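With the hints as constraints, model all of the structure from the sequences given.
Number of protein chains: 2
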Amino acid sequence: MVTIKDVAREAGVSVATVSRVWNEAAFVSPDTRQRVAGVAARLGYSPHGAARSLITRTTHAIGVLLPDLYGEFFSEIIRGIDHTAQRHGYHILVSSSHDSKDESEAALRSMRGRVDGMIIMSPDLEAHRTLHALQDSFPVVLLNGGADSKAFDTITIENHEGACKMVRHLVKRGHRRIAMIGGPERNYDAAERLRGYESALREGGIAHDASLVMKGNFSELSGHSAARALLALDLRPTAIFAANDSMAIGALSALREHGLRVPEDIAIAGFDDIPMARFMNPPLSTVHVDISKLGELATTLFLSSLQEGNHSRQQLQLSTTLVLRSSSGGAVLS
Amino acid sequence: MVTIKDVAREAGVSVATVSRVWNEAAFVSPDTRQRVAGVAARLGYSPHGAARSLITRTTHAIGVLLPDLYGEFFSEIIRGIDHTAQRHGYHILVSSSHDSKDESEAALRSMRGRVDGMIIMSPDLEAHRTLHALQDSFPVVLLNGGADSKAFDTITIENHEGACKMVRHLVKRGHRRIAMIGGPERNYDAAERLRGYESALREGGIAHDASLVMKGNFSELSGHSAARALLALDLRPTAIFAANDSMAIGALSALREHGLRVPEDIAIAGFDDIPMARFMNPPLSTVHVDISKLGELATTLFLSSLQEGNHSRQQLQLSTTLVLRSSSGGAVLS
DNA sequence: TTGTAGGCGTTATCAT
DNA sequence: ATGATAACGCCTACAA
Chain D
1 MVTIKDVARE AGVSVATVSR VWNEAAFVSP DTRQRVAGVA ARLGYSPHGA
51 ARSLITRTTH AIGVLLPDLY GEFFSEIIRG IDHTAQRHGY HILVSSSHDS
101 KDESEAALRS MRGRVDGMII MSPDLEAHRT LHALQDSFPV VLLNGGADSK
151 AFDTITIENH EGACKMVRHL VKRGHRRIAM IGGPERNYDA AERLRGYESA
201 LREGGIAHDA SLVMKGNFSE LSGHSAARAL LALDLRPTAI FAANDSMAIG
251 ALSALREHGL RVPEDIAIAG FDDIPMARFM NPPLSTVHVD ISKLGELATT
301 LFLSSLQEGN HSRQQLQLST TLVLRSSSGG AVLS
Chain S
1 MVTIKDVARE AGVSVATVSR VWNEAAFVSP DTRQRVAGVA ARLGYSPHGA
51 ARSLITRTTH AIGVLLPDLY GEFFSEIIRG IDHTAQRHGY HILVSSSHDS
101 KDESEAALRS MRGRVDGMII MSPDLEAHRT LHALQDSFPV VLLNGGADSK
151 AFDTITIENH EGACKMVRHL VKRGHRRIAM IGGPERNYDA AERLRGYESA
201 LREGGIAHDA SLVMKGNFSE LSGHSAARAL LALDLRPTAI FAANDSMAIG
251 ALSALREHGL RVPEDIAIAG FDDIPMARFM NPPLSTVHVD ISKLGELATT
301 LFLSSLQEGN HSRQQLQLST TLVLRSSSGG AVLS
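Heads up: the sequence lines are chains D and S, in that order. What the first sequence shows, in this note's numbering, is residues 1 to 334, in sequence order. What the second sequence shows, in this note's numbering, is residues 1 to 334, in sequence order.
Hint data in this document are derived by calculation from the structure and do not stem from the laboratory. Given the structure is predicted, the values throughout are model-derived calculations rather than measurements. Even glycine gets a Cβ: it sits at the ideal position worked out from N, Cα and C. Heads up, a few of these hints could be off.
The following residues of chain S were derived to be distant from chain D, with all beta-carbon distances above 10 Å [what the hints assert, rightly or not]: (1) 12; (2) 14; (3) 210; (4) 306; (5) 307.
Partial chain S-side listing against chain D, Cβ under 7 Å, derived [what the hints assert, rightly or not]: (6) 50; (7) 53; (8) 71; (9) 75; (10) 93; (11) 96; (12) 109; (13) 114; (14) 253.
What follows is the structure, encoded as structure tokens:
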């Protein structure tokens, strides 16, 4: 490996000078600058990151802790984070599948000295307590962890209002028996979307019927199963609201298998507006979320909290918009 | 930040002893071991990664360079890599969206001293030349970069044979006018899938008709547009093979909009077998690829090349299987 | 069994 | 404008 010493020797200068040239700091005569730059390029030199961060006390890397996410959501959020990070000269150290508190803690520890802070999307509402032990100088942005912890910078999706909007729409179309396919047990987004569903029903003066609320896990298959269970009910729902698009698509498939027409026999709606949604048969009504924006916001927030050491914590919320396609009988294509 | 010195002082021993306790090396009396471990835990000590890797010459991190991928493919491949890496105590430093050679080079340079090697999925068939300049001691695994470069460990998908299998199936079902929706221009997978299509046609004694080959970019929308273009043809195809599932789904949607039945009027098939595929209307015939396995293989290969410094380069290929659902009319009894 | 000291590659602080 | 040298936090001979 070619180090700063090699370049210095070859160019006939001291290591200090090479460092200065590389960092474009201080004053170096154009002459030597040129010579050093030339040698560096010829030798293919680039500074050793670890060594550098040891003295500068900064790694230019962000740790990203994610739960076991699937599909579109996972990729879009990473894309959003990475794009923004790259634009600011930062790398991202990703660690996925931390579904338990212990795993998260281990990952967190093992990243010490490798990252300047972390963006954490914790599935576990409890896990945050651990973080309180962290140095104050170690910035942490919480993604979808619930805004309860005012001690951190957090970003959440406008889940409750988004779900409300959709269910209100279904009510407005005359539905009274509206079923819900919920998400994973301890998932914050899922819980909020369920709350939104309940709020809208109450608002519409519709009695809450527990038999119409099914459990899912955000996968297509779970949506499919849940829909089948709903169809087996004595009194079938006339509309189904799924906590995400994947489950809505699974449900759509189950209805078709039962020879039911959507939306004539049963209306369907999802949440997220993944790219696929508009290409479904029929096109899926859903609540649009700009997921990569979520990652972008998180990164921006992270970087600003990194700069102003004593910046006051912020709680941001990403808004959602209703997208009505034909699966709910609503307006066509947006 | 609590360093090894703090622990040493607090425990009344030298830093060397703390180091030994931490690395469970050498002989330390059970007594002091206990005391040191206790203090370390109490102080929340964990070694500074950068400092450590400076002396051990190893970072326990893998650099992952990815092109601008979307959806399922992106997430699954990262999941596969990360899972395997984590199991072996490695972190992954992800950098996405490197569509040009220069970007890739920059990313590569900026990771020096932060990773022990790289897993690279280059969209650009040219970009590899840069890599030749790399030290021999810097392991690189190429993902889907074409197996032309025997100088590297490479892993590719069995694209050609997979596409062949699918088109052969369509031919067997009696189709003669089979259209293809191709992928991005310089994409290796896309090119190979197109070659497979052509091979199977030739095999079946079907003349190649250039007007039946459409260009796409792996997105649902491009599949949708391509299908519309195909429907505008004087002599419509009776079957459409898309280079990936997303485009097949877009095409499916276009056919429905034209009031055509699938597979009765036109058969459709895709490639990848993303989870959605089986929930389409009708369920999509496709070529199954275990994407997370691809990432897993890459990581395993990487780690083994890291251990045996002078290990001979390997070229692996991930096999595919035909999944016949109703969009192609189902299996043929032979 | 434990401690001392040198060095990993870099930047920062002094001199010069 | 440039050079010598001391850190940064850690590991590892070598010494005790």
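Do the hints match the structure? See the list:
1. 12: holds, 24 Å
2. 14: At roughly 21 Å from the nearest Cβ of chain D, residue 14 of chain S sits farther out than 10 Å, so the non-interface label holds.
3. 210: Residue 210 of chain S is indeed farther than 10 Å from all Cβ atoms of chain D, at 27 Å.
4. 306: Non-interface label on residue 306 of chain S holds, nearest chain D Cβ at 16 Å vs cutoff 10 Å.
5. 307: At about 19 Å from chain D, residue 307 of chain S clears the 10 Å cut-off, so the statement holds.
6. 50: With a closest approach of 4 Å, the residue 50 of chain S hint holds.
7. 53: With a minimum Cβ separation of about 5 Å from chain D (threshold 7 Å), the hint on residue 53 of chain S holds.
8. 71: With a closest approach of 5 Å, the residue 71 of chain S hint holds.
9. 75: It holds, given that the least Cβ distance between residue 75 of chain S and chain D is near 4 Å, below 7 Å.
10. 93: Holds, because the Cβ-Cβ distance from residue 93 of chain S to chain D comes to roughly 5 Å (cut-off 7 Å).
11. 96: holds, 5 Å
12. 109: holds, 5 Å
13. 114: holds, 4 Å
14. 253: holds, 4 Å
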